[in-house]
Amino acid sequence: MMNAVPDFAPAFPEIMLVLAGMVFLLFGVLRERDSMQLLTGAVIAAMLIAGVLILRQPDTGAVTFGGLFLINGFTGFAKLLTLGGAMLTLVLINNWAQTAGTARFEIPILVLFATVGMLLMISANDLIALYVGLELQSLSLYVLAAVHRSDLRATEAGVKYFVLGALASGLLLYGMSLVYGFAGTTTFAGLATATASGGNIGVLIGIVFIIAGLSFKVSAVPFHMWTPDVYEGAPTPITAFFSVAPKIAGLALFLRVLYGPFGPMLHQWQQVIVAISVLSMAWGAIAAIAQRNIKRLMAYSSIGHVGYALIGLATGTLEGARGMLFYMLIYIVMNVGTFACIMAMRVNGKAVEDISALSGLARTRPMMAAGLAALMFSMAGIPPLAGIWGKFYIFMAAVNAGLIVLAVLGVLASAIGAFYYLRVVKIMYFDEVGPVIERPNAVTGTLIAVCSVAMLAFFIVPSPLVDSAAVAAKSLFPG
Amino acid sequence: MLMAASVFLPLLGAIIAGFFGRLIGDRGAQIVTCTCIGLAAICSIPTFADVALHGNHHLVHVMTFLSSGTFEAAWSLRFDTLSATMVMTVTCVSTLIHIYSCGYMSHDDSQPRFMAYLSAFSFAMLMLVTSDNLVQMFFGWEGVGVMSYLLIGFWFKKPSACAAAIKAFVVNRVGDFGFLLGIFAIYYLFDTVNFDTIFEAAPGKAESTVTFFSHQWHALTITCLLLFVGAMGKSAQLFLHTWLPDAMEGPTPVSALIHAATMVTAGVFLVARMSPVFEYAPSALAFVTFVGATTAFFAATVGCVQNDIKRIIAYSTCSQLGYMFVACGVSAYQAGIFHLMTHAWFKALLFLSAGSVIHAMSEEQDIRKMGGIWKLIPFTFAVMTIGTIAITGIPPLSGYFSKDMIIEAAYNSGTGIGKYAYFMTILVALLTAFYSWRLVFITFFGAPRADHHTMEHIHESPLVMLIPLGALALGAMFMGGGFNHLFVGEGREAFWHEAIKVLAPHDSIERAHQEHAPFLIHHLPLIVSLTGLAIAYWMYIVRPGTATRIANAVPGLYRFLLNKWYFDELYNFIFVRPAFWLGRVFWKVGDGAIIDGLGPDGISNLVGRTARRLGVVQSGYLYHYAFAMIIGIALVVTWIVAGQPGVAP
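Chains as they are written, first to last, in my numbering: chain A, 1 to 479; chain B, 1 to 649.
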């Protein structure tokens, strides 16, 4: 049986992307001139093809490679989100690299490999497969953080990310070994059977370590400390990538692991997720208030958003999973748009990151200010912009699952968090005109426009997106 | 159609002048509002003839106002003799005042606003008098209140005008609250607010009681007293009268329209309208009589020593309203309404003449700085004298008939409180004659006391002001004699129909006609009135300076009267200052220290401090971060293990 050729079909998109990545790498090395522009296009094309392939996969799902790899409606949805986030940020990265003169053909290829790692994580059906995917992603990200080698802050960010990431991987592996030691298997299906009777304390401790490792990847409190430094230090579009694609993959993996093999132990791990969620929301909301650098602000903002998404995870229900997927979908668009704005913050040819640089933007660049204001209102959760709907479904799920205190804390945190989003709007609209920010270039300008209009127009046709998130979440609950 | 027109035309005028005043200009606004109110007045006369003289009672349904469960309040116009009389009086007097205002306000820079307010006020008053239920009446009642607030504060750049407007509004609200409670009580008792149903059911409720504070009370007495509190507020009766003299801060036409002819009579109208209910609450009627008589006396005494020409007339209004309530209290509602109507004419005349005097004297209002001007403004002097003769009750002018009827009714009421009222009203007739003639003598006779600059400028008012004065003077002369027969004479049964209900044992007018009082009693009002005239003549024409000597002889009494019995000071001490103190406590301690301090300010301070502390944790050192992760997982594992006793190791 083991010798039989496995069914490759479910993994076609990933296989195609890996092969493409290798070909692109060869091409880049062999070519005399730098070919980042070209390869960015090629990578995006490969990702689009992968997306189409994922869409064409059967809804029924499949398992292959001896149970290591699984696809279903949920993985498809999460992969599409991840690919979407990666493609959008890749556009930003290319735009930055061309203007900043830091174009290197490795960047799109690293993004590609990181993305493949994420897709593998999402489809992992075994703890070992999970780890392989995670490391492929992480190693690519460490390099990406430090890709701007001559910049001191970027290298510092890369080192910090790498060392702490290694520590997190260690925690994860330790947790996996504990689980294997007490449950006797690493496959998700086997673990589900083993924990069905309630599990034991060893498995539970293992789960806590796994949760810690995954929390690091999605930057949830108290494993978030790297986030502000790395976000600030890494080049802005790379930060945008960090804040989007790995978060989706990490949260999707969280859902797969906790709902799949450890689903029967919901009542044991639920309180841990609740605690992490509350801490993340509160920390994200409060610590951000003291920030002056907009990238650090976005770091805390992403910590807070992960906290909200984890509410969906903590419910352990279909509704919660749907809410979380839907939240992440909106989160991607908001974040890409905001980072496009941050990239457009350039004064006299130099990028600025201080929030005060936005002073009076409404008078100098009214369109950009309006776009950023829409995004900020959406992040703060002001109806009828898209952000409120993400929060609404999450909080509803929490209330229906009986986690009323958690929902109330979430609402309070979002009230506090609204402060710093609205402060950005206040600075743009009511403060004296500060340094004149350059006109956004075509790419960033388009992204700002598309994302902010999407935030504004979302409430007109929400149901297809909500429905598809619901369909995807349903495959997490077989039978 | 005519009836609806007479009510809604002023509204139309107000809307056009108010919202499009800038478009049509000062002259346009004047023409529109005067035309609308004038047409309304013209429409009201055939209506009056039809309703009152031919006895056709009409009910014009406009729309459903409120409908909730069993609660129904329609928006309809009720035209019986009472409301037809009121509509005619209001529209006619209002028309004359509109015309007068065109001249009087000609130097003001927001005339369209003024004209719009006047018209809106007239509409609200018409709404009040034509209402078919208490809720609609309350709408008009409040509309009148709002418009009077706006008109008193018309010169809103004057702090005293703003203060007077607020005072009028607040004092009226006290009364309105009583009125509202009265409406609630009516609804509680009768399960409806519609007049017809209430009036039909009232006799059946004559004996019913309500338990309140574990005590049995006579239901209708309570209800009527509450309604009367509302009437006291609007009609400036004792304890709620303080706003009326201050309301003289408004332009003079406002004083004439609101504080003489119409708004302040709303309370009297309310009692007359509710007569079928009041008739079954004799204690309430006694209270009405008492308050009316006392107010009449109080205001008359204060009026004797005031020096501001408009304030004297204002106290005189207050005093005359007391007469009307005395009439209502002794079940002579017809006499009350009769006096209301005649008073509307001669009091509007007095106010507008006073306005003409003020106009001539370059905005001077203190009568001590006038004198010797009758030859300079003969027409104003003439009409003001007519008004004075009318108010002092000298035949054959209108005041004689209505006031005489009230005094006679009080004499014949056959109750103790009626005797008190009779005594008071006689005394007040003397005082009225005294202060009214004092006003005329000081203002027009004697040596000129104004500086020569003012004296040189004295001139008769323009024709647009004199014509309304002339018309009002005609009314003041003939309204009483002309309508005496219908209102309180032999023809009153056919005239009033069902509009006013008087139980036979209460019918003091009937007894006044039946029983022939001794000659002295019958003619006493006229005698005291002439006596008052004589005293005033002696004090201010024959022996000028007597008044000062008397004032010096009894300084305490003089100051007591000059300071209006110290009501304002008393209220200031009892209500205003504690209210301010309480407000300050709520503001500074309750809102500022507790709610803001612990709420928004406190929380935002806490969040800010926490944010800075969290910023310190983010040190930038790798080993701090790693340490945080390890500590974090250690804590979580400890927590989980400690919290999971059920999981076997």
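It should be emphasised that the hints constitute simulated quantities derived from the structure, not laboratory data. Misleading hints may appear alongside valid ones.
Examples of chain A residues toward chain B, derived with CB under 7 Å [to be verified]: (1) Ile128; (2) Ile205; (3) Pro222; (4) Ala290; (5) Arg292; (6) Ile427; (7) Phe430; (8) Leu465.
Idealized CB from N, CA, C, for every residue including glycine.
Classify the hint on Ile205 of chain A as holds or violated, based on whether any CB of chain B lies nearer than 7 Å to its CB.
6 Å, holds
Restraint: Phe430 of chain A near chain B, CB-CB cut 7 Å. Satisfied or not?
Violated. Min distance 18 Å.
Hinted contact Pro222 of chain A with chain B - closest CB pair below 7 Å
Holds, about 3 Å.
So, as I understand it, the hint says Ala290 of chain A touches chain B; can you test that by seeing if any CB pair is closer than 7 Å?
4 Å, holds
Using 7 Å as the Cβ threshold, decide whether Leu465 of chain A counts as touching chain B.
34 Å, violated
Interface hint outcome for Arg292 of chain A [beta carbon to chain B under 7 Å]:
10 Å, violated
Holds or violated: the hint that Ile427 of chain A contacts chain B, with Cβ atoms closer than 7 Å.
17 Å, violated
Let me know if the C-beta of Ile128 of chain A comes in closer than 7 Å to any C-beta of chain B, holds or violated.
22 Å, violated
In terms of the numbered hints stated before, the structure departs from hints 1, 5, 6, 7 and 8, listed from lowest to highest.
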